[in-house]
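Participant: Residue numbers (numbering that gives the first Met the number 0), protein chains in the order written: chain R, 0 to 653; chain Y, 0 to 202.
Note that these hints are calculated values from the structure, not bench results. Don't take each hint at face value.
List time: in silico EDC-like cross-link candidates among lysine to aspartate or glutamate, alpha-carbon distance up to 16 Å [claimed, not checked]: (1) R:Lys525 with R:Asp506; (2) Y:Lys69 with R:Asp442; (3) Y:Lys3 with Y:Glu53; (4) R:Lys146 with R:Asp98; (5) Y:Lys69 with R:Glu40; (6) Y:Lys3 with R:Asp98; (7) R:Lys359 with Y:Glu66; (8) Y:Lys165 with Y:Asp32; (9) Y:Lys3 with R:Glu45; (10) R:Lys142 with R:Glu9; (11) Y:Lys95 with R:Glu577; (12) Y:Lys155 with Y:Asp32; (13) Y:Lys165 with Y:Glu49; (14) R:Lys525 with R:Glu577; (15) Y:Lys5 with Y:Asp32; (16) R:Lys10 with R:Glu45; (17) Y:Lys102 with Y:Asp112; (18) R:Lys86 with R:Asp98; (19) Y:Lys30 with R:Asp88; (20) R:Lys86 with Y:Asp32; (21) Y:Lys155 with R:Asp88; (22) R:Lys138 with R:Glu11; (23) R:Lys525 with R:Asp442; (24) Y:Lys46 with R:Asp98; (25) R:Lys364 with Y:Asp89; (26) R:Lys92 with Y:Asp89; (27) R:Lys338 with R:Glu421; (28) R:Lys510 with R:Glu577; (29) Y:Lys5 with Y:Asp51.
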Amino acid sequence: MTAHTQIQYEKESVFIHINVSDAKDKDAHIPGRVFLMNKPEGVYLEWKAEEVISLDGAQSDQDWTMVRSVAYRNDRDSDAVSSMNAKMDSRRKYNISFDILDLKSFKRSAPNHGWAYIIFILKDGTTFPALHFHNGGSKALLKEFEKYVHIRRSPNDSRLFIVIEHDPEMLSKSFDELQLFSDSSGDLVSKFIKDPYTATMGGFSKVTNFLRNVLILEDNPTTRPQEEVADILQEDIPGMEISQQESGFEMITKTKLPPRPTVTRGDALLPGQWALHLDSEGKIKNKEDLLERIFRGGIEPSIRIEVWKYLLCYYTWDSNHKTRQEQRKRNVDDYFRMKLQWKTISAAQEKRFATLRERKGLIDKDVTRTDRTQKFYQGENNQNLLVLNDILMTYCMYNFDLGYVQGMSDLLSPVLVVMENEVDAFWCFAGLMERLCGNFEMDQNGMKVQLAQIHKLMLVYDPELCHYLESHDSGNFYFCFRWILIMFKREFHFHEIQRLWEVMWTDKPCKNFHLIISLAILDSEKSTLMENNFGFTEILKHINDISLSIPLEDTLKKAEGIFLQLKKYKKLPNDIKEILGLDVSPNNSSSSSAHPTPTGTPVNRENSPRLELPLHISNGMNNSGSGTAATTPDDSSIEILTDTVDSAINNYYH
Amino acid sequence: MAGKSKLLKVVLLGDGGVGKSSLMNRFVSNKFDAQSFHTIGVEFLNKDVEVDSEAYTMQIWDTAGQERFKSLRTPFYRGADCCLLTYAVDDLQSFKNLAMWKKEFLFYADIQDGNSFPFVVLGNKIDVENRLVPEEEAKAWCAANGGSPYFETSAKDSTNVDRAFKSAVQRLRELEDRMDIKPAHGNTVDLQKKSKSNPGCCG
């Protein structure tokens, strides 16, 4: 290996941040080196964690320093202390290595960011954690890259760069072998060029996007036939339809939402402020004010133990010192009564009780696989795992119909960390489950409904992205499944999830705000998904991979902004208002069915009967629709996209 | 992924906690994380392999094992080229459930002849001490189930993991030779039906 490997580029002090906002923790930034090297099998980009060498064996956990790693030598540190090895193992799992031929695009940090970072994205959707160049060197690396690939900057996202072509000579691969242009796209392109109406289509701004997608198409030889997956999901998951037109054309409506207002976030609720909210009897003085505050800035960690009990309906908002004391006593009694119920089941009983046995087994397996990297749950024989187990078992008794479903341990874990008490954690978890039990129903209907609601919201908020997802077998929004099931638990760092959850538990600014948060995250990924022309599998992979790298506060700001845009939008369809819990006023009945279809407009929706499209057509096609936008900001214009270009043009002009 | 390689869709099935994700991670990136989470939803990883001097990209799908998520798991079975049935040697129930997993897979993958489909059976966690499923019993089950190849694996110490995954490709080649069908997607009728329903721009 060593003999034939040539290092083209090397840079030390390139870090992976595994816990962005906790910079005090040394483990949060893993130091490493980036290499670009010529191997016999190709040109590879690699990042390797630095070896850990202790200054003082006993303090290895606290006090380590980094030394230059010798990248191509066998690890000779086998006699090093075992904790060190474990630490190194946990670091090595972040090591990165990929063939530059597999690179699809990358994202750079914003220019005003303190130091540069790069996020690499591969053709199959794999998205690596950001590499932070603390001592510079990112530009030099990209310069090296240019020897091998041609890069284009995204017109829609200045941070995104797309690899448009791998230099065939450098890599001694033929153009054909790279399959940059598949046969089908070639056909479409030539069809397009021959078509006399192409020029007319150019007038519609979206067509450029469409053309670009067609031109920079399918350079991934490993993509599965896309129809396969689409078909599968459409047929087998009822209520998760994908809009697929049989023939002819597709319609994209462009919703002209009011501009997104700037949203500011506030500071966390502090202990002193919390105390001021209680009167002499311990009653909350102004619930609304308090909720608004929590929504805007969250809660200071030290008082979560109190405030979460209100948010999770452990205490009522009109309770006082005395009633709370009584409530707590009842809760303790109730909890241990239920715990005793399963604790006292004998072995002989259990032998004849398959359901309980099964649940016990599942819980047992899952608690050992929940948040084990958190200090609270670390180590063998950690007592807190036992508490997790007992609470989940007791919940099975409390809600026997629902039982235990995977995902519940994820929801309980942060609650127990905050409560540090079995009884309190149980009742707070029970309160949380009141919000989320629909996600865990046997028929999974709650999940299907929410994924369909994201679809509806996206159709209004961003028809272009919505159409893209639909036409890439992702109109079912299946890739959001984990987000919704456990309220983004796996997508954010542990301390962030506590912040996000308390914000969401205020039920502000609207019902189902978590769906808008989903829109906000997808909005941030739009350019990456569309300009890389990701299909079903790549989208799924990319979305899975961005977990733990989504900026929380920015996402919350964007989500609130999107909500305000939708709320202000005069023609917001009634079904969307219902999802968000907004007033459905009778004099503003802009439900999708109420919209007339202008004559002459090629609306052909027969093939997607179950998808309710809010077609906001204001002035019709031939009118100066967009010209009126300045005076009536809520107006919409309509644009046409075609899947089969010929027929759409023909339909429209003949 | 680079260059020309055949894409094979591999589905990894078995009870929760038998080590599906760990096997996948060991095979694809040669890593084992004792602190890893249980899978929620569906995940997949790609791995380039060379079997009998032919290049393949194995796209390995890993799903949540609980019954509750069946309706969101089974759609991914269709179009699979091979299936790895997994149990843990210290979990008797997970072994008993192999038949259930096989049945579920064949039904939702819409495969008529189960015996000509490449299944490979994996008995994982052979590193543990309290083994409950005897090797002979597992081999007997495989023999009675179309003679599927059987491997005893440990994702933790990486025993047999590579061999087990690659044998799935070998098994596929073997059965293809025997059936004399075209590689990967033999069901042409199905594909035609599908392409008709979605003429999409990328066809």
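Participant: If a hint holds in the structure, say so; if it doesn't, say that too.
Facilitator: Structure-based check of each hint:
1. R:Lys525 with R:Asp506: violated, 27 Å
2. Y:Lys69 with R:Asp442: Since the Cα atoms of lysine 69 of chain Y and aspartate 442 of chain R sit roughly 9 Å apart, the hinted pair holds (cutoff 16 Å).
3. Y:Lys3 with Y:Glu53: At roughly 10 Å apart (the allowed maximum being 16 Å), glutamate 53 of chain Y and lysine 3 of chain Y satisfy the hint.
4. R:Lys146 with R:Asp98: holds, 14 Å
5. Y:Lys69 with R:Glu40: violated, 41 Å
6. Y:Lys3 with R:Asp98: OK: lysine 3 of chain Y and aspartate 98 of chain R at ~14 Å, within 16 Å.
7. R:Lys359 with Y:Glu66: Roughly 15 Å between the alpha carbons, so the hint for lysine 359 of chain R and glutamate 66 of chain Y holds.
8. Y:Lys165 with Y:Asp32: violated, 22 Å
9. Y:Lys3 with R:Glu45: violated, 23 Å
10. R:Lys142 with R:Glu9: Cα-Cα ~13 Å, so holds.
11. Y:Lys95 with R:Glu577: violated, 47 Å
12. Y:Lys155 with Y:Asp32: holds, 8 Å
13. Y:Lys165 with Y:Glu49: Answer holds: lysine 165 of chain Y to glutamate 49 of chain Y is near 8 Å, not above 16 Å.
14. R:Lys525 with R:Glu577: violated, 26 Å
15. Y:Lys5 with Y:Asp32: violated, 30 Å
16. R:Lys10 with R:Glu45: holds, 11 Å
17. Y:Lys102 with Y:Asp112: With a Cα-Cα distance of about 12 Å, the restraint between lysine 102 of chain Y and aspartate 112 of chain Y holds, given a limit of 16 Å.
18. R:Lys86 with R:Asp98: Judged against 16 Å, a Cα distance of about 27 Å means the pair is violated.
19. Y:Lys30 with R:Asp88: holds, 9 Å
20. R:Lys86 with Y:Asp32: holds, 12 Å
21. Y:Lys155 with R:Asp88: Measuring from Cα to Cα gives roughly 13 Å; hence the hint holds.
22. R:Lys138 with R:Glu11: At roughly 14 Å apart (the allowed maximum being 16 Å), glutamate 11 of chain R and lysine 138 of chain R satisfy the hint.
23. R:Lys525 with R:Asp442: violated, 31 Å
24. Y:Lys46 with R:Asp98: holds, 12 Å
25. R:Lys364 with Y:Asp89: Status holds; Cα separation ~13 Å.
26. R:Lys92 with Y:Asp89: Judged against 16 Å, a Cα distance of about 27 Å means the pair is violated.
27. R:Lys338 with R:Glu421: Between lysine 338 of chain R and glutamate 421 of chain R the Cα gap is close to 11 Å, so the pair holds against 16 Å.
28. R:Lys510 with R:Glu577: holds, 9 Å
29. Y:Lys5 with Y:Asp51: With a Cα-Cα distance of about 13 Å, the restraint between lysine 5 of chain Y and aspartate 51 of chain Y holds, given a limit of 16 Å.
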